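Chains as they are written, first to last, in this note's numbering: chain B, 8 to 295; chain Y, 152 to 418; chain R, 22 to 360; chain Z, 22 to 171.
Quick caveat, the hints were computed from the structure, so don't treat them as lab data.
Keep in mind that this is a model prediction, so the values were computed, not measured.
A portion of the hints provided could be inaccurate.
[Said to hold, decoys possible] Computed from the model, here is a short list of chain Z residues facing chain R with C-beta under 10 Å:
| # | residue |
| --- | --- |
| 1 | Gly25 |
| 2 | Asp44 |
| 3 | Leu45 |
| 4 | Met71 |
| 5 | Gln79 |
| 6 | Met171 |
C-beta: ideal position from N, C-alpha, C; glycine also.
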Amino acid sequence: MGCACHGDGNGSANVYRPYLMRIERIIDEAPAIKTFRLVFVHEEEGRSFTFLAGQFGEYGVFGEGESTFCIASSPTRKGYIECTFRQVGRVTTALADRDVGDVISFRGPYGNVFPVEQWRGKNLVFVAGGIALPPLRSVIWNVLDLRQDYGDITIVYGARSVADLVYKHELEEWKARGDVRVLTTVDPGGQTPDWKGEVGFVPAVVEKAAPSARDAVALVCGPPIMIKLTLPVLEKLGFAPDNIYTTLENRMKCGVGKCGRCNVGPYYVCKDGPVFTFAQLADLPPEY
Amino acid sequence: MEALRAKARELLESRTVQVVVGHEQGSVPGRPRPVFVRKIEDVDRLVAGEGGTINLAVYLLKPEVQALGRPALVADPAALRTVLQLASENQIRDGALVALALDDGRLTELKDLAAIEAFVAERPAGLPAEDQQRIAEIEAMSREDRWTWWLEQFSRCLKCYACRAACPMCYCPRCVVECNQPQWVPAAAHPRGNLEWHLCRAMHLAGRCVGCGACARACPVGIPLDLLTQVLARQIEADFGVRAGTRAKADYVLASFRTTDKEDFIR
Amino acid sequence: MADARTLRRESLARWFEAIRAAGRRILAPRARGDTTAFEEVTAPSEVAMDCVQTTLSPKAAVFPRCEELLRYERQGKDLRVTDPPLQPPETVLFGVRPCDAAAMEVLDAVFSADPPDRFFQTRRARTTVIAIACTQADAACFCTSVGLSPGSTLGSDILLTPTDGAGFAADVLTDKGRRIVELCPEAFGPAVAAQERRAVLAQVPVRFELKGLSDRLAALFDREELWVDQSLRCLGCGTCAFVCPVCACFDIQDEGTGRSGARLRCWDSCGFSLFTLHASGHNPRHLQSQRWRQRVMHKFSYAVGRLGRIACVGCGRCSRACPADMNLADHLQALAEAK
Amino acid sequence: MADGFEPRLTAFVCNWCTYAGADLTGTSRIRYAPNVRIIRFPCTGRIDFMLILKAFEQGADGVIVSGCHPGDCHYTAGNYHARRRWMVFRRLLDFVGIDVERVQFAWVSAAEGAKWAQLVNEVTEKIRALGPLEEFRRLPMPGVQPIEVM
Numbered sequence: 008m009g010c011a012c013h014g015d016g017n018g019s020a021n022v023y024r025p026y027l028m029r030i031e032r033i034i035d036e037a038p039a040i041k042t043f044r045l046v047f048v049h050e051e052e053g054r055s056f057t058f059l060a061g062q063f064g065e066y067g068v069f070g071e072g073e074s075t076f077c078i079a080s081s082p083t084r085k086g087y088i089e090c091t092f093r094q095v096g097r098v099t100t101a102l103a104d105r106d107v108g109d110v111i112s113f114r115g116p117y118g119n120v121f122p123v124e125q126w127r128g129k130n131l132v133f134v135a136g137g138i139a140l141p142p143l144r145s146v147i148w149n150v151l152d153l154r155q156d157y158g159d160i161t162i163v164y165g166a167r168s169v170a171d172l173v174y175k176h177e178l179e180e181w182k183a184r185g186d187v188r189v190l191t192t193v194d195p196g197g198q199t200p201d202w203k204g205e206v207g208f209v210p211a212v213v214e215k216a217a218p219s220a221r222d223a224v225a226l227v228c229g230p231p232i233m234i235k236l237t238l239p240v241l242e243k244l245g246f247a248p249d250n251i252y253t254t255l256e257n258r259m260k261c262g263v264g265k266c267g268r269c270n271v272g273p274y275y276v277c278k279d280g281p282v283f284t285f286a287q288l289a290d291l292p293p294e295y
Numbered sequence: 152m153e154a155l156r157a158k159a160r161e162l163l164e165s166r167t168v169q170v171v172v173g174h175e176q177g178s179v180p181g182r183p184r185p186v187f188v189r190k191i192e193d194v195d196r197l198v199a200g201e202g203g204t205i206n207l208a209v210y211l212l213k214p215e216v217q218a219l220g221r222p223a224l225v226a227d228p229a230a231l232r233t234v235l236q237l238a239s240e241n242q243i244r245d246g247a248l249v250a251l252a253l254d255d256g257r258l259t260e261l262k263d264l265a266a267i268e269a270f271v272a273e274r275p276a277g278l279p280a281e282d283q284q285r286i287a288e289i290e291a292m293s294r295e296d297r298w299t300w301w302l303e304q305f306s307r308c309l310k311c312y313a314c315r316a317a318c319p320m321c322y323c324p325r326c327v328v329e330c331n332q333p334q335w336v337p338a339a340a341h342p343r344g345n346l347e348w349h350l351c352r353a354m355h356l357a358g359r360c361v362g363c364g365a366c367a368r369a370c371p372v373g374i375p376l377d378l379l380t381q382v383l384a385r386q387i388e389a390d391f392g393v394r395a396g397t398r399a400k401a402d403y404v405l406a407s408f409r410t411t412d413k414e415d416f417i418r
Numbered sequence: 022m023a024d025a026r027t028l029r030r031e032s033l034a035r036w037f038e039a040i041r042a043a044g045r046r047i048l049a050p051r052a053r054g055d056t057t058a059f060e061e062v063t064a065p066s067e068v069a070m071d072c073v074q075t076t077l078s079p080k081a082a083v084f085p086r087c088e089e090l091l092r093y094e095r096q097g098k099d100l101r102v103t104d105p106p107l108q109p110p111e112t113v114l115f116g117v118r119p120c121d122a123a124a125m126e127v128l129d130a131v132f133s134a135d136p137p138d139r140f141f142q143t144r145r146a147r148t149t150v151i152a153i154a155c156t157q158a159d160a161a162c163f164c165t166s167v168g169l170s171p172g173s174t175l176g177s178d179i180l181l182t183p184t185d186g187a188g189f190a191a192d193v194l195t196d197k198g199r200r201i202v203e204l205c206p207e208a209f210g211p212a213v214a215a216q217e218r219r220a221v222l223a224q225v226p227v228r229f230e231l232k233g234l235s236d237r238l239a240a241l242f243d244r245e246e247l248w249v250d251q252s253l254r255c256l257g258c259g260t261c262a263f264v265c266p267v268c269a270c271f272d273i274q275d276e277g278t279g280r281s282g283a284r285l286r287c288w289d290s291c292g293f294s295l296f297t298l299h300a301s302g303h304n305p306r307h308l309q310s311q312r313w314r315q316r317v318m319h320k321f322s323y324a325v326g327r328l329g330r331i332a333c334v335g336c337g338r339c340s341r342a343c344p345a346d347m348n349l350a351d352h353l354q355a356l357a358e359a360k
Numbered sequence: 022m023a024d025g026f027e028p029r030l031t032a033f034v035c036n037w038c039t040y041a042g043a044d045l046t047g048t049s050r051i052r053y054a055p056n057v058r059i060i061r062f063p064c065t066g067r068i069d070f071m072l073i074l075k076a077f078e079q080g081a082d083g084v085i086v087s088g089c090h091p092g093d094c095h096y097t098a099g100n101y102h103a104r105r106r107w108m109v110f111r112r113l114l115d116f117v118g119i120d121v122e123r124v125q126f127a128w129v130s131a132a133e134g135a136k137w138a139q140l141v142n143e144v145t146e147k148i149r150a151l152g153p154l155e156e157f158r159r160l161p162m163p164g165v166q167p168i169e170v171m
């Protein structure tokens, strides 16, 4: 984080000092869910800022606090970062009140990454539920921007109802491409008359899609119940636990492995995670 | 002590209760600590409660203790007053517990709230002389000195909330200090945040505090918190003729009124 | 490297004056009612020399209960964020017990790990630890069970060991310590024979077997009834974490108006339910027994992997201050021996 | 007190009586001290005691809390509850050494425009005599005074 307003000469930089980010674009994804596109107020910070898919940050409104979301944009897209959040608490309510042009605070990038580099040449299966698509979306655009380096890509994404689907336009964009297999679904009863996608829970749609596990990696993010029911399906298809990745959602404050909040078993999710394989999660206490 | 252990054994054997909440020998001699006796052979761990710092009634609303089943509560007069106040706030149903009143060595089994009410009525709990003395000393100070004195006390507060944890009347599932929309009471432990926390706590206990003193005994930095609630308890009794923990059926004093309430400061 | 000397008790006052004259504040155990805490003192007479252990630990000198991480100010559309003035005074912590001195090392490991925490490091660099070996201990002490002792030097810049003659054997252990000694060299004399010191140190019985404890605890993780039983009387306050010299968990809270304010760091405790409560209402540790298990596992099992040592120095403060007498040594002994 | 000190007052008033009374003061062209900032509540029963502390914290030197006379409450009993709350809270403020003269409780009906003006004027002069609420100002305020508590 090298820039004038970060280190002030006497010793190490203030790790709690955020970047100032201006909101360039706001998209209302779904009821109470928004996506911000953020650009650096200080350009030189933007130029030297780098991150990788899977990393997260602490987004804040001064006077209200900070909140933890992943960086939802792909590292291949320069000059901005995006985040998607649901308005549930004090900070997200304050964020949701912001307008284009307002300045918010951002600390990051924190945490480890999806090993996208090592997956070159492999087939990728993305399974997401509800508002858990953002962490995977960062990986999806990352691989789609380098499409030729990767094998088959399957995306299974579901939400409670059509209105709850996030990144609706991008889902259409992905479907329109010939080189990606996209199955979107809504829970039974969540469909609208002109809904052309699947109807059913995500685990069932994954079973129906039955992506081959040969030389493939799966990424699964969603509510605990969806994960609990999707894992057996993937394992039946031949995916080994150390080949199924996810990101953990823990309450966080510092994001730099000091405040103790995200300590689960031997790991600090903000430093050793949030990306874990299900093999790693197996020996973690069920405290996330 | 034998009477208590015998009664506990009898209640457990007859399955009248599933757990006896009492005191056992602690790691520091003369300071017994809470114990939850469920097995007959553990009955002999029960000792008298003198020197204990905890009001055992605080465990009546703790989920893990409620999960153990119907309790017998070894109770000193303060704990009995707490049971009545909790009952008057609909937190305890009649018959939800058996009270084993221990008062200077004598054991009395109180099977229902009416029995507890009668027992408490025979032991009117005046403010201990030592507390009256401390309150008098503070009230004798000038206003500025009182402010300086209390602010020095509050500035030592760590916001560890031991006062809230030890108080049987502080049973809100989510306390006001844990709500942040709005952040009504500052979370930080600076003097202003501590002042507002302790004033808010005292007001939320007005007319509800039974004067067991557990909050002051639990405070690691020794702030005399019980004085705040006791001053209000005395004022409420003088103004509204109501004292907490005396009846199982009573209105919350700040949610009821008399058209004839007298005051001398409203223009 | 330690250079051994003696320090006569009556020259303490002169040493204090020299330290204060050099612009350093002295924090030492000071009695206040029946609690003791590290507060500024001007002379040795104000120091509660005979207290076994202070109620509050000296960690506040390097990790205050509340401090500003940054300030913000809004004029119209633009926003100015500044670092708060971080000018902690040079501080001498006098009368620290060896367990608290060792605790400083654990705090170092947490806060100086990458990325280093500038606030802690600035204060730590300006803090000199002068420990006094323990000649008496009480039932709550268990430093010998965690690899320390009433006379250990870990984390101290100077260790004073009371000798039966009216003075101390002074081991000057670091340059920092030497600089403080040199402020008043005439207060010190030549070294005294080593064996004379050991006789004076307190006897602290070992309460549980440390070797293999962290694996043992990991194996007991799923024994729900064990953890529930142990924590039935725990009320869920933050006293144990706030009096602990090693607990470094903190909360970040913003305070102020839309126009100006600060982002504050405040002490926090894994004993509170809010510690892990998600905005969605999900709480991975919603029961007090789970939080008690986290406190034990974090300090005695997880910390071994992260910091290379357990995150407890056996000072016994949590047991002394706990309203419900949750005695950590008793509980660990029970866990170490659990079938 | 310090010359040129203009006390800042906050008034928590109930909508049905005192707010209407203050409105009547205006429509009757009665001038009164402009030091008061009026905040409207549905009823005095809704005025939380913490609001008074928050007012002091945000820079008020004095607080006026006023509503319907007992018996006139639009919600029948709001002011009766408020009266008990004020009696207890005032005792607490006094015990911890906050100057209760800086908090003035009153009943002002919708017809008492003159009483409202007189009330505000008198309280303003009383607070001017008492001076600014230094005690609260010195408490650490984030971003204003350094907050470092050992």
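To see whether the hints hold, each was checked on the structure:
| no. | hint | result |
| --- | --- | --- |
| 1 | Gly25 | violated (24 Å) |
| 2 | Asp44 | violated (29 Å) |
| 3 | Leu45 | violated (33 Å) |
| 4 | Met71 | violated (16 Å) |
| 5 | Gln79 | holds (8 Å) |
| 6 | Met171 | holds (4 Å) |
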